[in-house]
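Enquirer: Sequence:
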Amino acid sequence: MIRKLVVPVVALAATLLVAPAASAATKVCAGGQLMGGATKVVEVSAGQKIDITVHNSDYRGMLVQIIEDVFDNGLWSGAIAPGKEHTVSHGVLGDPPVYHKIRFEVTSNLSNNYTYAIRSDRCY
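In our numbering, the protein residues as written are 4 to 127.
Just so you know, not all the hints are guaranteed correct.
[Claimed, not checked] What follows is a set of in silico ranges between Cβ atoms, one per label pair, in the way DEER data are often shown:
| no. | residue 1 | residue 2 | range |
| --- | --- | --- | --- |
| 1 | TYR62 | LEU96 | 17 to 27 Å |
| 2 | ALA82 | GLY35 | 20 to 30 Å |
| 3 | ARG63 | PRO100 | 32 to 42 Å |
[To be verified] When the alpha-carbon atoms are kept at most 25 Å apart in a straight line, the in silico BS3-like pairs for lysine-lysine are as follows:
| no. | residue 1 | residue 2 |
| --- | --- | --- |
| 4 | LYS43 | LYS30 |
| 5 | LYS52 | LYS30 |
| 6 | LYS104 | LYS52 |
| 7 | LYS30 | LYS104 |
| 8 | LYS43 | LYS87 |
| 9 | LYS30 | LYS87 |
| 10 | LYS43 | LYS104 |
| 11 | LYS52 | LYS87 |
These are computed hints drawn from the structure, not numbers from a lab.
Keep in mind that this is a model prediction, so the values were computed, not measured.
Cβ coordinates follow ideal geometry from the N, Cα and C atoms, glycine included.
Given the sequences, and given the hints that come with them, work out the whole structure.
Expert: Put into structure tokens, the structure is as follows:
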């Protein structure tokens, strides 16, 4: 009886070890600082789907708009609390590399304690 249970368990373990991961690893394609009270435009060639993360390292809240600049499509607008971050996903149909142009409009104070990162499964 034990032998009958061991064979399926070993087969299942081997299948899980060989199976590909559920999600592809993402790489940072672009990143840097955002200045308060300013607009920054970032152009990147990446895969079809990108994740845009904005982090607030300041002790005050941050007001920001994230806009896809090619079609002037607003992706997200809001406030980020001190020490927090917000991530927005954006996808485009097309064969990679896909051109993404993202505009960050920071309307809060003149601090430079804000950062962004644009991640994708492929960076070109």
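Enquirer: Of the numbered hints stated earlier in the document, which are not met by this structure?
Expert: Result: hint 1 breaks, nothing else.
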